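Quick note, the sequences are listed as chains A and B, same order. The letter at position 2 of the first sequence is residue -8 when you use the numbering used here, and the numbering goes up by one with no holes. For the numbering used here, count along the second sequence from 1 and bump the result up by 1.
Honestly, the hints are just simulated from the structure, not real lab data. Check the hints yourself; a few may be wrong.
Below, in silico cross-link-like pairs of lysine-lysine (DSS-like), each with a Cα-Cα straight-line distance of 25 angstroms or less [what the hints assert, rightly or not]:
| no. | chain 1 | residue 1 | chain 2 | residue 2 |
| --- | --- | --- | --- | --- |
| 1 | A | Lys74 | B | Lys67 |
| 2 | A | Lys53 | B | Lys58 |
| 3 | B | Lys75 | B | Lys97 |
| 4 | A | Lys43 | B | Lys43 |
| 5 | A | Lys(-3) | A | Lys53 |
| 6 | A | Lys53 | B | Lys75 |
Since the model is a prediction, treat every value here as computed from it, not as a measurement.
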Amino acid sequence: MSEGVKKFLYVNRKAPHGTIYALEALEVVLIGAAFEQDVELAFLDDGVFQLVKGWDTSDLGSKNFAPTYMALGDFEVTKVFVEKESLDERGLTADDLMELMYEDEDDDWAEKPSIRIVSREEMARIMAANDVILSF
Amino acid sequence: MAMLHTVNKSPYEKSALESCLNHVSEGDTVLLIEDGVYAVVKGGRAANALASVKGVKIAALEADLKARGIGGDKIADGVEVVDYGGFVDLVEANDKTEAWL
């Protein structure tokens, strides 16, 4: 890691539409990525609902920001951790989630999945390993 | 005196649904709206809680389900999906409405 680069973890614990947290988190993540910080995303508790594929807010009249998650890989946000226990409790599996991909520059730009399903224990270690944690 | 109960909070973050289910009477209807619709995801802890309540109709608002990617076989059995017109019909069909916020 070069001088001045910190590891940022964005912790997402809210469902996408009931509050403004999810949309605001995305905005901040993209800004952080633009400043070339090392960015990781964590989704746990109701935050896992943000990544459920196929959501369409056209009948609500609110912004459909699902495509922004798909663009995270283009902003070099490649580490998206999703807590398994939170999925299980909510009747969700990895198959219910959006297929977030990134191109790995160290591997001839091969397309790889960004989402990694981790246990609660692993999530705790990820939180402990970051320099700055921003909560949404 | 049948009642309509609306719940608009996620059952995994707030106790609104739990408290609602603790206070419903036979013949009542529980309508899940906004983040309340997360309760119907099949296999979830909240869907199991809904299934354990007998004699109460469970409904969920279609636009809110659609906005959250919940459809088809992801919706627990026994849940009636209603549109905005159906919401109005439920209000009209019941003597009063109680909102669980």
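Going down the list of hints, with the structure as the test:
no. : hint                   : in the structure
1   : Lys74/A with Lys67/B   : 24 angstroms, holds
2   : Lys53/A with Lys58/B   : 32 angstroms, violated
3   : Lys75/B with Lys97/B   : 30 angstroms, violated
4   : Lys43/A with Lys43/B   : 16 angstroms, holds
5   : Lys(-3)/A with Lys53/A : 30 angstroms, violated
6   : Lys53/A with Lys75/B   : 24 angstroms, holds
Taken one by one, the earlier hints fail for this structure at numbers 2, 3, 5, listed in ascending order.
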